[in-house]
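Peer 1: Respectively, the protein sequence lines represent chains A and H.
To convert, note that position 65 of the first sequence is 65 in our numbering; the numbers rise steadily by one, no gaps.
To convert, note that position 25 of the second sequence is 25 in our numbering; the numbers rise steadily by one, no gaps.
Honestly, the hints are just simulated from the structure, not real lab data.
A hint or two may mislead.
Claimed, not checked - One-sided and incomplete, this derived list gives chain A residues near chain H with beta-carbon spacing under 7 Å:
{"hint": "1", "residue": "C55"}
{"hint": "2", "residue": "P59"}
{"hint": "3", "residue": "V850"}
As the list claims (entries may be wrong) - Pair ranges (Cβ atoms, derived):
{"hint": "4", "chain 1": "H", "residue 1": "E69", "chain 2": "A", "residue 2": "L454", "range": "38 to 46 Å"}
{"hint": "5", "chain 1": "A", "residue 1": "A391", "chain 2": "H", "residue 2": "D27", "range": "44 to 52 Å"}
{"hint": "6", "chain 1": "H", "residue 1": "S42", "chain 2": "A", "residue 2": "P19", "range": "16 to 24 Å"}
{"hint": "7", "chain 1": "H", "residue 1": "D27", "chain 2": "A", "residue 2": "L8", "range": "30 to 38 Å"}
{"hint": "8", "chain 1": "A", "residue 1": "G395", "chain 2": "H", "residue 2": "D27", "range": "17 to 25 Å"}
Since this is a predicted model, take the numbers as computed values, not measurements.
Here a beta-carbon is modelled for each residue, glycine too, at the ideal position from N, C-alpha and C.
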Amino acid sequence: MTPSPPSLAARLLARRLSPEWRDYVLGDLEEEFHARAARSPVAARRWYWRQAVRCLAAPPRPLAPSIDLPKRDFFMRTFVADLRYAARVLLRTPSFALAVIGVLALGIGANTAIFSIVNAVLLRPLPFESPDRLVRLFHVPPQDTFPGMPTFAVSPANFYDWQRDARLFEGMAIYQFRPFVLTDGSGGREVVGGALGAGFFEIVGTPPALGRAFLPQEDGPGRNRVVMLSDGFWNRQFGGAPDVIGRTLRLDGEAFEVVGVMPPGFSFDAWGPTSCDLWVPLAYTDEQRAVRENHNAQVIARLRPGVAAAQAIAEMDRISTRLERQYPEANAGWGATVIPLRELIVRDVRLSLVVLLGAVALVLLIACANVGNLLFARALTRRKEIAIRTALGAGRARVFQQLLVESLLLAGAGGALGVLLAHLSLAAGAATLAGQLPRADEVAIDGRVLLFTLVASVLTGLLAGALPALRAGRADLNDALKEGGRQDSAVGVRTRRLLIVGEVALSVVLLMSAGVMLRSLVALRHSDPGFHPRNVLTMRVSLPEARYDTPAKSLAFFDAALARVRALPGVQFAGGIDDLPVLGGSQQPIVLEGRAELLPRDQPTVAVRKVTRGYFQTMQIPILRGRDVADTDAEAMLVSESAAKLLWGDGDPIGRRVTLPLQSRTVFKEVVGIVGDVKQGDLSDPAAPSVYELSRAHAGGSLTLVMRTLVPPMSLATPAADVVRAIDQEQPVEDIRTMDAVLDRTVRAQRFSAWLLGLFSAAALTLASVGIYSVLSYIVRGRSREIGIRTALGARTADVVRLVVVEGMTPALIGIAVGALASLATGKLLQTLVFGVSAWDPLTLGAAAVGLTLVALVATLVPAYRASRFDPLIVLRGN
Amino acid sequence: MWFKTKPPPLGDFEQLVLLGVLRLNEDAYGAAIRQEIHARSSRDVSINAVYTTLDRLETKGLLHSWIGEPTAQRGGRRRKFYALRPAGVAAMRQAYHAIRAMADGLEERLGVK
Chain A
1 MTPSPPSLAA
11 RLLARRLSPE
21 WRDYVLGDLE
31 EEFHARAARS
41 PVAARRWYWR
51 QAVRCLAAPP
61 RPLAPSIDLP
71 KRDFFMRTFV
81 ADLRYAARVL
91 LRTPSFALAV
101 IGVLALGIGA
111 NTAIFSIVNA
121 VLLRPLPFES
131 PDRLVRLFHV
141 PPQDTFPGMP
151 TFAVSPANFY
161 DWQRDARLFE
171 GMAIYQFRPF
181 VLTDGSGGRE
191 VVGGALGAGF
201 FEIVGTPPAL
211 GRAFLPQEDG
221 PGRNRVVMLS
231 DGFWNRQFGG
241 APDVIGRTLR
251 LDGEAFEVVG
261 VMPPGFSFDA
271 WGPTSCDLWV
281 PLAYTDEQRA
291 VRENHNAQVI
301 ARLRPGVAAA
311 QAIAEMDRIS
321 TRLERQYPEA
331 NAGWGATVIP
341 LRELIVRDVR
351 LSLVVLLGAV
361 ALVLLIACAN
371 VGNLLFARAL
381 TRRKEIAIRT
391 ALGAGRARVF
401 QQLLVESLLL
411 AGAGGALGVL
421 LAHLSLAAGA
431 ATLAGQLPRA
441 DEVAIDGRVL
451 LFTLVASVLT
461 GLLAGALPAL
471 RAGRADLNDA
481 LKEGGRQDSA
491 VGVRTRRLLI
501 VGEVALSVVL
511 LMSAGVMLRS
521 LVALRHSDPG
531 FHPRNVLTMR
541 VSLPEARYDT
551 PAKSLAFFDA
561 ALARVRALPG
571 VQFAGGIDDL
581 PVLGGSQQPI
591 VLEGRAELLP
601 RDQPTVAVRK
611 VTRGYFQTMQ
621 IPILRGRDVA
631 DTDAEAMLVS
641 ESAAKLLWGD
651 GDPIGRRVTL
661 PLQSRTVFKE
671 VVGIVGDVKQ
681 GDLSDPAAPS
691 VYELSRAHAG
701 GSLTLVMRTL
711 VPPMSLATPA
721 ADVVRAIDQE
731 QPVEDIRTMD
741 AVLDRTVRAQ
751 RFSAWLLGLF
761 SAAALTLASV
771 GIYSVLSYIV
781 RGRSREIGIR
791 TALGARTADV
801 VRLVVVEGMT
811 PALIGIAVGA
821 LASLATGKLL
831 QTLVFGVSAW
841 DPLTLGAAAV
851 GLTLVALVAT
861 LVPAYRASRF
871 DPLIVLRGN
Chain H
1 MWFKTKPPPL
11 GDFEQLVLLG
21 VLRLNEDAYG
31 AAIRQEIHAR
41 SSRDVSINAV
51 YTTLDRLETK
61 GLLHSWIGEP
71 TAQRGGRRRK
81 FYALRPAGVA
91 AMRQAYHAIR
101 AMADGLEERL
111 GVK
């Protein structure tokens with residue numbers, strides 16, 4: 001039998017040892033006991049007892065909880081301790097903490113909100129499979145005849161040739177948009193549907209959530225009575241019923257079978273097809289497929305993996321050159337190009353968003369300077385506490401760390417509150433934002449935004465806290481500890497003056513940008529569009545061809561509609577046009593009678609609009625010569641002043657005849673009058689040469705009625721829509737709005753930028769004035785003794801005020817000068833965004849400078865006045 | 001902290017324990033260290049002294065430890081093993097240099113030559 005250790009000794013030890021050591025010590029002793037017992041059991045027992053007694057006398061102490069913390073965790077441990085301390089200190093001065101957190105929350109919140117927008121619009125990929133390979137194909141029209149138009153819609157015949165010949169694309173699909181009148185139990189309303197050529201959904205790469213996509217054979221006339229629904233439309237129209245597949249929808253009076261429903265992620269506003277409620281097959285007839293001259297379709301394509309856009313453009317160039325040679329009468333001068341889908345969606349807003357992000361970052365910088373100032377003042381009031389810590393052995397690094405942790409805590413709280421503010425303001429502004437920006441419906445605070453906010457908060461904390469923390473660590477120990485020693489004297493005045501210079505300079509840059517954008521907006525909105533938009537009501541009526549299948553039927557409808565609208569009390573004049581000014585429309589080649597039709601690259605083009613009698617009168621577009629069209633005219637036409645000049649030079653156009661080859665080469669239209677120029681496209685573009693033909697001989701079609709009213713226009717919206725609906729109960733009336741609203745909508749992007757920049761510069765101005773005020777108050781307090789002595793020696797109030805104002809205005813004026821120079825540098829960025837005003841506009845810069853000077857002056861006057869009221873006796877006795 | 005500190009000075013017994021751990025490589029636990037010290041320096045130290053020192057050295061960040069499997073030989077109890085951290089090696093190196101430098105030239109008087 002093997003001997004075992006003396007049980008009494010083992011039991012005593014087990015009681016005496018702390019649990020964490022018990023196993024190891026008893027185990028070690030037993031192990032060695034057995035080794036020794038093999039030689040001599042008695043000696044082993046004696047040895048065991050001897051060890052036990054020594055252990056019982058002084059057992060190893062229980063483990064300290066920190067025993068496993070390696071040395072490098074020291075920073076974390078002190079960090080946590082600093083964090084607790086900082087929280088306690090800040091809770092003791094809640095008003096200070098709240099002020100700082102509030103300023104930072106505004107700054108960080110504004111940055112978070114703008115970054116959320118940038119994230120959704122510019123950074124997040126489109127919700128398609130491999131979205132980077134999705135591109136759109138366009139024609140490049142001949143620049144001589146389509147000046148200022150870099151791209152153009154595609155003609156069907158050219159598309160089918162591209163599709164057949166291009167090798168670098170996985171696939172391409174053609175599509176258009178078609179308005180439908182949807183009739184259900186509750187009357188008719190208009191829905192815009194995407195008419196999609198074969199392969200569209202395969203190219204985009206999104207399968208339907210329910211049912212199937214269109215079959216290739218459905219892209220042909222006769223087999224195309226099928227429809228796919230968007231998730232939103234499915235929910236609104238069918239209550240999200242899962243058995244919707246196979247049910248029918250009445251569009252333009254015909255039954256369409258529902259074959260599929262797209263997932264919710266497929267719907268977004270930024271791109272035409274994804275913003276539609278429903279889709280039908282394009283189903284061109286052979287005749288429509290062969291159209292080469294008329295460019296009215298859109299094309300989406302997917303590049304093969306690894307193909308760069310430049311390669312694709314080169315291939316399209318080769319194909320276009322060949323098609324030009326093959327079909328010169330239709331294609332001479334027409335090229336093609338490839339633009340990434342994403343680029344197309346964001347390019348108009350990218351620069352504005354970058355400018356806004358820059359502006360909001362400046363606001364945060366100003367907020368940093370202000371908070372830095374506050375922290376600085378606070379660090380100085382805590383000089384004694386810091387000196388005591390230093391005296392007790394805290395190194396400068398330790399003091400620096402502790403103060404920095406405080407500012408990081410403040411910035412963290414500001415950041416958290418900022419996210420909340422950003423969330424609330426984005427939720428509140430969602431309605432405003434929609435329609436201002438592409439992909440506005442996708443704006444949300446996601447992981448990337450939170451990461452951005454975290455980084456911004458930490459940087460803010462470091463930026464605002466580093467300087468004060470460094471300066472505080474340098475405080476003179478001896479001086480700080482002395483009771484009453486220079487307690488109220490100004491320390492770090494130079495640093496704080498520098499903060500003011502920075503704040504003011506940044507504010508000038510912001511004010512200047514906002515001012516220029518605002519002036520640009522005003523210039524744009526008040527640029528003369530060629531007509532008088534005030535008191536004009538517009539509404540669009542699209543007659544479905546299925547029910548209005550002859551020109552006579554639609555003519556009768558519009559004649560009746562106009563007659564009834566004109567009869568409404570409060571309506572002065574009324575007329576109609578197919579496409580309203582500033583919204584774009586048809587651009588066509590025009591051929592004068594007696595001249596040969598040239599190749600497309602040489603044949604002049606004009607904007608072509610269809611109008612009714614009374615349109616010019618209603619819009620107050622002057623008829624410069626000749627007369628308005630009359631209902632009795634057969635093929636009458638008016639031309640704009642610039643069109644007359646373009647087509648006939650100095651000759652007289654009245655009585656001359658032209659053809660519009662895209663419509664007919666045999667029907668001649670006679671010019672009966674010349675009207676003033678009207679902006680048909682962007683307000684920032686010059687007026688395009690235009691012709692107006694009498695709109696009488698077209699079946700179906702869409703006409704926008706315009707009414708000049710003697711009463712506020714929107715008050716007639718319901719009566720006017722009602723009299724039109726009274727003619728045909730199923731006929732919807734859409735887009736009822738004033739002409740002013742139409743114009744406003746075209747400048748919405750500029751308005752959005754100008755409004756936000758204005759908001760940011762107001763914030764900057766407020767922060768800067770508060771900054772100047774607080775720094776100056778501090779300096780004045782520090783110099784109270786000097787001022788007291790001066791007063792005692794006979795300085796007058798004016799002298800004291802001058803002293804303080806000069807003290808405050810000097811850094812402010814330096815800041816204004818620096819800011820003016822910086823504005824000149826940033827003007828380059830703004831240059832392409834403004835209209836009718838220079839980005840370096842001296843008037844705006846002058847106004848910004850004067851404005852800031854005044855604000856700075858007001859901010860200095862309060863401390864100056866206070867200084868002039870110092871009682872020298874009290875001030876001097878205080879020392 | 002953000003800056004390097006010099007390794008702490010070591011006591012006489014701490015040096016013995018550290019060298020014991022170093023010498024035993026991966027197999028340094030209480031009994032083994034005790035026997036190693038006993039065998040090489042003839043000091044029959046108590047197990048509690050060994051553990052108290054090991055604990056102190058670990059707190060100073062010179063050692064780290066891990067727990068082994070229970071064995072029958074130890075009545076089903078586990079072993080606690082120790083190994084040197086880089087800081088432990090540095091502290092030992094410093095102690096070694098100190099004793100070498102101080103003893104330099106005194107070998108004869110100490111009778112160690």
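Peer 1: Looking at the structure, which of the earlier hints fail to hold?
Peer 2: Going through the list in order, the structure violates hints 3, 6 and 8 and respects the others.
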